[in-house]
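Q: Two chains, two frames, a set of hints: combine them into the complex.
Keeping their order, the protein sequence lines are chains H and P.
With the first sequence counted from 1, adding 334 to any position gets you the working numbering.
With the second sequence counted from 1, adding 150 to any position gets you the working numbering.
These are computed hints drawn from the structure, not numbers from a lab.
A quick note: this is a predicted structure, and the numbers were derived from the prediction, not measured.
Here a beta-carbon is modelled for each residue, glycine too, at the ideal position from N, C-alpha and C.
Certain hints may be false.
[Said to hold, decoys possible] Sample of chain H residues lacking proximity to chain P, with all beta carbon distances greater than 10 angstroms (derived):
{"no.": "1", "residue": "W367"}
{"no.": "2", "residue": "T378"}
{"no.": "3", "residue": "L403"}
{"no.": "4", "residue": "P424"}
{"no.": "5", "residue": "G481"}
{"no.": "6", "residue": "L488"}
{"no.": "7", "residue": "T513"}
{"no.": "8", "residue": "K515"}
{"no.": "9", "residue": "L546"}
{"no.": "10", "residue": "V550"}
{"no.": "11", "residue": "V583"}
{"no.": "12", "residue": "S590"}
{"no.": "13", "residue": "P591"}
{"no.": "14", "residue": "I635"}
{"no.": "15", "residue": "L650"}
{"no.": "16", "residue": "I658"}
[To be verified] As a list, the in silico DSBU-like pairs of lysine-lysine whose alpha-carbon atoms are at most 35 angstroms apart:
{"no.": "17", "chain 1": "P", "residue 1": "K543", "chain 2": "H", "residue 2": "K400"}
{"no.": "18", "chain 1": "P", "residue 1": "K592", "chain 2": "P", "residue 2": "K549"}
{"no.": "19", "chain 1": "P", "residue 1": "K619", "chain 2": "P", "residue 2": "K671"}
{"no.": "20", "chain 1": "P", "residue 1": "K167", "chain 2": "H", "residue 2": "K343"}
{"no.": "21", "chain 1": "H", "residue 1": "K343", "chain 2": "P", "residue 2": "K549"}
{"no.": "22", "chain 1": "H", "residue 1": "K400", "chain 2": "H", "residue 2": "K343"}
{"no.": "23", "chain 1": "H", "residue 1": "K666", "chain 2": "P", "residue 2": "K153"}
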Amino acid sequence: MLSSPFITKPSSVSAIMLRVLLALLPAVALYVWYYGPAILVSMTLASLTALGTEAIMLKLRDRPLKPFLSDNTALLTAWLLALSIPPLAPWWLIVVGTAFAISVAKHLYGGMGNNPFNPAMVGYAVLIVSFPVQMTHWLSPLGLGAGLGFGEQLQYIFAGTLPPGITFDAVTMATPLDTLKTQLHLDHAVTQIMQMPIYGYLAGKGSEMVALGFLVGGIYLLFARIITWHIPLAFIGGLLLTAEVFHLVDPAHYVSPLFHVVSGASMIGAFFILTDPVTSPTTPRGKLIFAASAGFITYIIRVFGGYPDGIAFATLLMNIGVPIIDAYTQPKVFGRKKGQP
Amino acid sequence: MSKLYHFHGGVHPPANKTQSTQTPIAQAAMPPRLVIPLHQHAGGTATRPAVKVGDRVLKGQVIGLPEGRISSAVHASTSGTVTAIDLQPVAHPSGLPALCVTLIPDGKDEWIEHHGTDYRELPHADLRHLLRMAGIVGLGGAVFPSDLKLHSGQQRIKTLVLNGAECEPYITCDDMLMRERAAEIVRGAEIMCALLQAEVVLVGIEDNKPQAIATMQQAVATGQHENIRVVAVPTIYPGGGAKQLIRVLTGIEVPYGVRASEMGVQCFNVGTAYSVCRAIAHGEPLLSRIVTITGNVQRPQNFEVLLGTPIAELAAQAGTKPDTTGYIMGGPMMGVPVPSAQAGVIKATNCLIASSPALFPPAPPALPCIRCTRCAEVCPADLQPQELYWFAKARELGKAQEYHLFDCIECGACSYVCPSHIPLVQYYRFAKSEIWAHEQEKNAADLARERHEFRQERLERDKRERAEKLAQKERAAAAAKAAAAAAPPAPAGDSAPPAAPAQPAADPAQALIQAAIERAKAQAALSKPKNTENLTPQQRAEIAEIEARRAKIREIARPDNGQNEGP
Numbered sequence: 335m336l337s338s339p340f341i342t343k344p345s346s347v348s349a350i351m352l353r354v355l356l357a358l359l360p361a362v363a364l365y366v367w368y369y370g371p372a373i374l375v376s377m378t379l380a381s382l383t384a385l386g387t388e389a390i391m392l393k394l395r396d397r398p399l400k401p402f403l404s405d406n407t408a409l410l411t412a413w414l415l416a417l418s419i420p421p422l423a424p425w426w427l428i429v430v431g432t433a434f435a436i437s438v439a440k441h442l443y444g445g446m447g448n449n450p451f452n453p454a455m456v457g458y459a460v461l462i463v464s465f466p467v468q469m470t471h472w473l474s475p476l477g478l479g480a481g482l483g484f485g486e487q488l489q490y491i492f493a494g495t496l497p498p499g500i501t502f503d504a505v506t507m508a509t510p511l512d513t514l515k516t517q518l519h520l521d522h523a524v525t526q527i528m529q530m531p532i533y534g535y536l537a538g539k540g541s542e543m544v545a546l547g548f549l550v551g552g553i554y555l556l557f558a559r560i561i562t563w564h565i566p567l568a569f570i571g572g573l574l575l576t577a578e579v580f581h582l583v584d585p586a587h588y589v590s591p592l593f594h595v596v597s598g599a600s601m602i603g604a605f606f607i608l609t610d611p612v613t614s615p616t617t618p619r620g621k622l623i624f625a626a627s628a629g630f631i632t633y634i635i636r637v638f639g640g641y642p643d644g645i646a647f648a649t650l651l652m653n654i655g656v657p658i659i660d661a662y663t664q665p666k667v668f669g670r671k672k673g674q675p
Numbered sequence: 151m152s153k154l155y156h157f158h159g160g161v162h163p164p165a166n167k168t169q170s171t172q173t174p175i176a177q178a179a180m181p182p183r184l185v186i187p188l189h190q191h192a193g194g195t196a197t198r199p200a201v202k203v204g205d206r207v208l209k210g211q212v213i214g215l216p217e218g219r220i221s222s223a224v225h226a227s228t229s230g231t232v233t234a235i236d237l238q239p240v241a242h243p244s245g246l247p248a249l250c251v252t253l254i255p256d257g258k259d260e261w262i263e264h265h266g267t268d269y270r271e272l273p274h275a276d277l278r279h280l281l282r283m284a285g286i287v288g289l290g291g292a293v294f295p296s297d298l299k300l301h302s303g304q305q306r307i308k309t310l311v312l313n314g315a316e317c318e319p320y321i322t323c324d325d326m327l328m329r330e331r332a333a334e335i336v337r338g339a340e341i342m343c344a345l346l347q348a349e350v351v352l353v354g355i356e357d358n359k360p361q362a363i364a365t366m367q368q369a370v371a372t373g374q375h376e377n378i379r380v381v382a383v384p385t386i387y388p389g390g391g392a393k394q395l396i397r398v399l400t401g402i403e404v405p406y407g408v409r410a411s412e413m414g415v416q417c418f419n420v421g422t423a424y425s426v427c428r429a430i431a432h433g434e435p436l437l438s439r440i441v442t443i444t445g446n447v448q449r450p451q452n453f454e455v456l457l458g459t460p461i462a463e464l465a466a467q468a469g470t471k472p473d474t475t476g477y478i479m480g481g482p483m484m485g486v487p488v489p490s491a492q493a494g495v496i497k498a499t500n501c502l503i504a505s506s507p508a509l510f511p512p513a514p515p516a517l518p519c520i521r522c523t524r525c526a527e528v529c530p531a532d533l534q535p536q537e538l539y540w541f542a543k544a545r546e547l548g549k550a551q552e553y554h555l556f557d558c559i560e561c562g563a564c565s566y567v568c569p570s571h572i573p574l575v576q577y578y579r580f581a582k583s584e585i586w587a588h589e590q591e592k593n594a595a596d597l598a599r600e601r602h603e604f605r606q607e608r609l610e611r612d613k614r615e616r617a618e619k620l621a622q623k624e625r626a627a628a629a630a631k632a633a634a635a636a637a638p639p640a641p642a643g644d645s646a647p648p649a650a651p652a653q654p655a656a657d658p659a660q661a662l663i664q665a666a667i668e669r670a671k672a673q674a675a676l677s678k679p680k681n682t683e684n685l686t687p688q689q690r691a692e693i694a695e696i697e698a699r700r701a702k703i704r705e706i707a708r709p710d711n712g713q714n715e716g717p
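One chain only, chain P, in its complex shape (with noise of 0.2 angstroms):
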């Protein structure tokens, strides 16, 4: 038994998972229509559509190619006609429709062709090539594209962490996972194990979950892995967020802004290690994905389901209660409401919760901060969080930066403790926003300022370089009348000359300007702000993300909205 960390704070929400966990995983039904955005990889943008409306698209086929660096293809999850390549609702919570190729089954699932490898004969750029190719992101919601993170790159991977701890409650899909599946998972964290030339691998596993661990532990023993620890981890919210898990596991504290690779770990979720087994051993790209449906319903259990399934859809074959409101992806800690059931699951969708008014009550009206701390008692990144708070509330966002605003991982801990019910993580993202916007707008207004003062120096020249051409050309005329006066009339072609200096000068002033713009450039990149730079490709997503639920956060932390605060 390896020595285990200890993470300061947490909470014990009731977790809720039995009722999800009593059948096994169960296929869900094909449904008529599934619409599959095509920008489901964190950060970068959207792939690019490959396939016209109008086309047959067998299982499998790509139908988003992977753009850019950060990016990762969208393949059609059965065989079928491509209807329509337009905005649809999507379940992100910006409620922002986004480019989705809609996609009508023809029944016969019939695959593309494809075929497994064996890692151990394929070079490792080979490797991440076929992630990237095959779609696999981060499954434990995060979903940054993994061949970015299969890296051994400069930093040694001592060990590679493997995060089936599942600390939200409701949610049971790595559960399931883990107990029916472990053989597939080992395969695949054997396969991210040696493309990170890693020493260790540590399967960190809550211990509410007895049958998980003893399957994976089976399926160690079986493969004969010795390098491969499964271990049990104490139940405690959020003991499954990366850095927590992490710490967890191997001691080591993450601080914010800088990867976990830098400091010689790597971690991803089972269900990512399960799927990197599908894509590299099956040469199956990622096309479904385990989904636990709970909460409002009558028979709460987990499905695999194809990515692009409806959520309305998929949620009736569990049997919603007809008091249902919405649904929550993700836990009911850190979640987020989908805008439309019509939106298709997608690859971050781990869980499905039917909400109703009685199942999540609003929150009393807030009163007063009484700096009770019982926030800062259970805060995971050691914050102050009734400081933040404080901060938040009176726009004092340099001082909450100085106070780590930005170390927040937002768990939400502090807001489910709160004796007063004030909305703290609330606060926060739109602190953290106010900033983000803030520096945009500063960075624009650089921006702006930079082309201006160009502008003017380019209006200076074009005046001085007129002003000289002219005098040239005076001078050129005087110089022609002179010569006139004293030979016989030149040919007309000899009007060219003084033309032609000016064309010399034209060019220095194109690569003038080239110059500047570099440097304009190169000045917008160095002028990052403090506390937003080294942000990871996921914290952007994030920022993206935040940025898009800015307006009604804003809502809420209007100071005027409460009756907590003074006149």
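In isolation and in its complexed conformation, chain H is listed as follows (with noise of 0.2 angstroms):
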């Protein structure tokens, strides 16, 4: 009993990670509901590779492990990335991202807390930059191609082979995204394009369900008062008025603005991996800019980038800015604000 106050509410980071682990659950049961359970093959490499990870730098930056090992935030780094890169894909895949994350991204610049860059998206970048083919083959959804049971997804996941007669690109596909991109290339127009079988109700069959899963536990954290609204509702508003902009410019070149804003990794950035508190702007008017610049990177990518998808380069970009943003966007203070002497 040193000074005060002497009471703290019962609150705790790893409480606080945990219910953003379970705001995932929602969009994991869907994602295994439309592709299989390779899913949760991968994030459980991830969650092994990434509380492995943790130990071993903890140890050599000679830290105590318990505090730290049971923060949860290793796993939510683990369970992003599992999230954000193809399920079935070789196994190591997975755990060089989340090696890579937790090592250079997170324990490098200090752990927990100390981090400029969203660990799972410095994770993600390392992967597709490193690994593109293996990065752009995603499952198709149950239903679409050859389906595959869970053990045949084990089996290539861990030692690459598939059963006799089913080649690889029988049961992956490009993302819808991708998709799109390719086939405006190929100079068809966005109504015949969205009427491929891939292609659902708003965006992607399958995947348009999982960004709803995300949507569901992004809502849950918002009742939760784990995020406040800023960076979701600046960063959808930020990459639906783009959208929109072009859309209305050339509807036959630019796609509805709903559909970016449920395909890709839209959801699951705006309510999980944009909202980061350690690599995003703590004050509300920099959240604001902050998010709604990265939606706007996120379509300048999507649309005109190389990569199919922007939301990891976005982040990344705008991580750099936060700094800058806190510094320039201090709410006024007490007895400081207009209207008073």
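A: Structure follows, in structure tokens:
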């Protein structure tokens, strides 16, 4: 008992992170429903790698293991990365990505609370730059292409072999965003492309439902007051607005804004990735600027850039700007607001 | 119903108030010994002892005379004999002993002659003098002499705010006082309102005290005070902070370094209003106050306690549980640990919480800040506590000031919600005290340099003057020689003239010294550093208090202390 306050609210970093993990479950469930259980395998691999890497790094940095291994932040990084990359991929892909995210992006920058870049997105960026082939082959949703049983998915992940007679191309496909881009290059009109079997109600069949799962989890985070509305709203707003401008100018070449909002990593980005407190601004105005800009950059990368999705690079680019955004968006303090002498 | 305003942030810690409101205010038993500190007001210095060891004093007799402008008299709480005037442990966070009068009560409780007056018949200056001599200070905890605040002054005071919010958990002394003695509080408010020439009195009470609100409203209605309004304000901590309550009731935000009175508002605790009434209308100086005894005791309740009653003595009447490890004076959010249970109850003692490891378990070890901004969401001063923490930890004190460190009221809301359990307030106290210490050093260095320069100048001048004197002497001698050569020898008395010119020279030198001292003083006064100017006397008192805590805080804030730091 040293000095006041003598009471604290019963809350902890690990409890907050646990709730974020729980908020991911609706999306994970839908993922399994539409794509089979391969995602569970990559999430498990990612979790084990994250905890192992975390422990090794803590040991190397001479930090206590228990408080940091139990804070759930490494697990969250692992899950976010696993949910961002193709689930049907060789086991080492997720292992390399996760190990890099935890060791370099997190610990070499000082560990929890000190990393300027979102570790999961650093992991993603490293993978997409180093292993573009593996990173662009996504499992087809069940019902499209040749379906694989759990055993067959496992066999591919760990042994790299598929059942006889089934080729890798038969079970995977490009993402809806990627397909759209390729088809537009082939001078097909948007309305025509949307007739393809891989598209569902708003965007990719299956993936749009997973996006809905992220939305549900995100709304839970809002109600649980773990995140504020600023980042999700500004990101979706920025993305919608940019897409709307292009869509209005030329609807044949620029897909509807809603497509962008439910495609790719938009939803997980809006509610789970950009909202990472360590790597996002702290001021309300700063959050709005940060996320709206990320929405804009995401659209630009998706439509005009070389990669099918832009969330990871938009996040990393905006992470760079966080200190300056914070510095220039400090709110007025008590008694120093407008209208006060 | 008047419009209420909102302040940013705030928290809802468990109130823990009902435990101590089950029974009426009890009269605490007369202790065998009273230890009355002679410095019980904020700012200024201790009062001058007005008694000697061995004196018999009467109840209400002045034992400490006010000295200087910011001061307030101290009285014998009962009749008895003064057995010691020496340094004793006092209820102050510094843990340093202070000058106290030890009084052994004779059990007769014999009053000194006293009588009430009608405030309308006395000039305001006399009323203020009465309050000063009655030892009336702010009873919300700040203990600033009330007479100094009861000036209408240059700024017109439009609103008198009476603070009955009592937002801190556990504390119920104001609640019980309002429930039981509302009429006298209202009467005190009337006197204060007259002294301030205020237009309206707003009594702010948090809406978790419906009984207090009802009795206060009743008292206002009975007294037919049309300009007094009892307003229920939302229950939120720190809604009872003076600045926050003023904001809620009037919409005015009083910034750091500005007195509320400069913005047309003055704020007093309801307990102070009660004491003003007792002092003016009954002639009774401040000898006792209502104290909540709660926490790790069997019968949490409120007592009317004679000032100087040893804390352990008082707590025993509420049934201290055996695992009690100490006492907190004030609430769990802003209170201070009492250094010794033998210290006497003082004017600032609104609540004593017996603490035990079970009641206030130590916080888990701190983890790094994850910038979640829960602290910023609850900060009633609209600060960015996570930034201040960062700057304090890195000792970037200039940056911390730029981010308005001194606007922090140390309410503890940020520490309360921090999921990483970082003792944020301790970092801010540390940073503030470092800045004050630094500025004091700078002032001292400036003064030393001035003195040094002045000394150099004086030495130079002395040298010059000596040389001149010598030259004069030589000239005189030469002249005398010449004269002697020319005329018969002069009388011996004529050797004085060479000394004579030196005499007047000494006076200008003295004047120069004086002037330089004045200059140095003016310089020192002017060179007050940024962000510590315009300190109100309360803040000055806080500086002294925080200064004393520095050593302990430094211990915590030392970067190598936690495992949360980079190598």
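Q: Now tell me, hint by hint, if it's right for this structure.
A: Structure-based check of all given hints:
Remark: the non-interface label on W367 (chain H) is consistent with the geometry, its nearest Cβ contact in chain P lying 32 angstroms away (cut-off 10 angstroms). Its beta-carbon lying about 25 angstroms from the closest one in chain P, T378 (chain H) satisfies the requirement of being farther than 10 angstroms from that chain. For L403 (chain H), the non-interface assignment is confirmed: its Cβ lies about 12 angstroms from the closest Cβ of chain P, beyond the 10 angstroms cut-off. Even its closest Cβ contact with chain P, about 33 angstroms, leaves P424 (chain H) beyond 10 angstroms, as expected for a residue assigned away from the interface.
Taking the minimum C-beta to C-beta distance to chain P, about 42 angstroms, the non-interface status of G481 (chain H) holds against the 10 angstroms cut. Listed as a non-interface residue, L488 (chain H) keeps its Cβ farther than 10 angstroms from every Cβ of chain P; the least gap is roughly 36 angstroms. Its beta-carbon lying about 38 angstroms from the closest one in chain P, T513 (chain H) satisfies the requirement of being farther than 10 angstroms from that chain. Under the 10 angstroms C-beta cut-off, the non-interface status given to K515 (chain H) relative to chain P holds; the minimum distance is some 36 angstroms.
Listed as outside the interface, L546 (chain H) is consistent with that label: its C-beta sits roughly 27 angstroms from the nearest C-beta of chain P, beyond the 10 angstroms cut-off. Remark: the non-interface label on V550 (chain H) is consistent with the geometry, its nearest Cβ contact in chain P lying 22 angstroms away (cut-off 10 angstroms). Residue-level check passed: V583 (chain H) sits 38 angstroms from the nearest beta carbon of chain P, beyond 10 angstroms. Even its closest Cβ contact with chain P, about 35 angstroms, leaves S590 (chain H) beyond 10 angstroms, as expected for a residue assigned away from the interface.
No Cβ of chain P comes within 10 angstroms of the Cβ of P591 (chain H); the nearest lies about 30 angstroms off, and the non-interface call holds. The claim that I635 (chain H) is not at the interface with chain P holds, since no C-beta of that chain comes within 10 angstroms of its own (minimum 26 angstroms). Residue-level check passed: L650 (chain H) sits 17 angstroms from the nearest beta carbon of chain P, beyond 10 angstroms. Distance check for I658 (chain H) against chain P: the nearest CB is about 14 angstroms away, which clears 10 angstroms, and the non-interface claim stands.
Using a Cα cut-off of 35 angstroms, the hinted pair K543 (chain P) and K400 (chain H) holds, with the two alpha carbons roughly 24 angstroms apart. The hinted pair formed by K592 (chain P) and K549 (chain P) meets the criterion: a straight-line CA distance of about 18 angstroms does not exceed 35 angstroms. As the CA atoms of K619 (chain P) and K671 (chain P) are separated by approximately 32 angstroms, the hinted pair is consistent with the 35 angstroms bound. This hinted pair checks out: K167 (chain P) and K343 (chain H) have alpha carbons roughly 18 angstroms apart, not beyond 35 angstroms.
Taking the CA atoms of K343 (chain H) and K549 (chain P), the gap is about 29 angstroms. The hint holds against a cut of 35 angstroms. Our distance criterion of 35 angstroms between C-alpha atoms is met by K400 (chain H) and K343 (chain H), whose separation comes to about 22 angstroms. A threshold of 35 angstroms between alpha carbons decides the hint, and for K666 (chain H) with K153 (chain P) the separation of about 24 angstroms falls inside it, so the pair holds.
The structure agrees with every numbered hint stated previously.
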